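Undergrad: Sequence:
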Amino acid sequence: MRTSTRPDDLLARGRLREEVYVCGLGVGYLMLADDLPVMLELPDPERPAPSARGPSGHWVDQLERYFAGEPVAFALDVDAYAAAHGFSEFERRVYQALSRVPYGEVVSYRELAAAAGSPNAYRAAGSAMARNALPVILPCHRVIRNDGRLGSYGDDPAWKERLLTLEGVRVAEGRVAP
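Take 123 as the starting number for the sequence shown in our numbering and just add one per residue.
None of these hints come from the bench; they were simulated from the model.
A portion of the hints provided could be inaccurate.
What the hints assert, rightly or not - Here are the computed distance ranges between Cβ atoms for each label pair: (1) Ser249 with Ala171: 19 to 27 Å; (2) Pro279 with Gly146: 32 to 40 Å; (3) Arg297 with Ser249: 17 to 25 Å; (4) Ser173 with Arg139: 12 to 20 Å; (5) Gly226 with Cys145: 13 to 21 Å.
Keep in mind the model is a prediction, meaning the values are calculated, not measured.
Note that beta-carbon positions come from the ideal geometry of N, C-alpha and C, so glycine has one too.
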């Protein structure tokens, strides 16, 4: 019998832990199952900084370096992440392709779908981006519309521009500038 690794099951079994990261943009949280990141909350300037922090792992260190403007290549086990969330084979391939988009570069939803082996499935690739629980670590902010417009980004589209700008991508009037 296979043991479930879905985040809600892990939480019920007491296998999830929360780590806090602090950066110039505020305080954020990372949920881990063992050492596998399963959910990331972007920093919030309104969230109070913790009065005390325990030792943090390498994921928090990498996030804090990233938000300080340092290029970081997150080494996520995408297959384990996809399995933990119950993603389809297509979504797993999309996240694999996404994990290879370099810091400071962008691809279109169409290019991402093609890199995942399904060039006509760009809308489905966009839907996969909407399900990503690890923004930044799996850099869905680096995926834009075919016409150069940024497109949506969760509850706060301004984050997409903020993250791209942090990585040195020029954005003007909601588009990636040439």
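Undergrad: A separate judgement is required for each hint: does it hold in the structure or not?
TA: We went through each hint and held it up to the structure:
At about 35 Å, the beta-carbon gap between serine 249 and alanine 171 misses the expected band of 19 to 27 Å. Between proline 279 and glycine 146 the beta carbon distance is about 20 Å. The supplied range of 32 to 40 Å is therefore violated. Arginine 297 and serine 249 have their C-beta atoms about 22 Å apart, which keeps the hinted 17 to 25 Å range intact. The given range of 12 to 20 Å is respected by serine 173 and arginine 139, whose C-beta atoms sit roughly 19 Å from each other.
At about 18 Å, the beta-carbon gap between glycine 226 and cysteine 145 stays in the expected band of 13 to 21 Å.
Violated hints for the displayed structure, listed by number in ascending order: 1 and 2.
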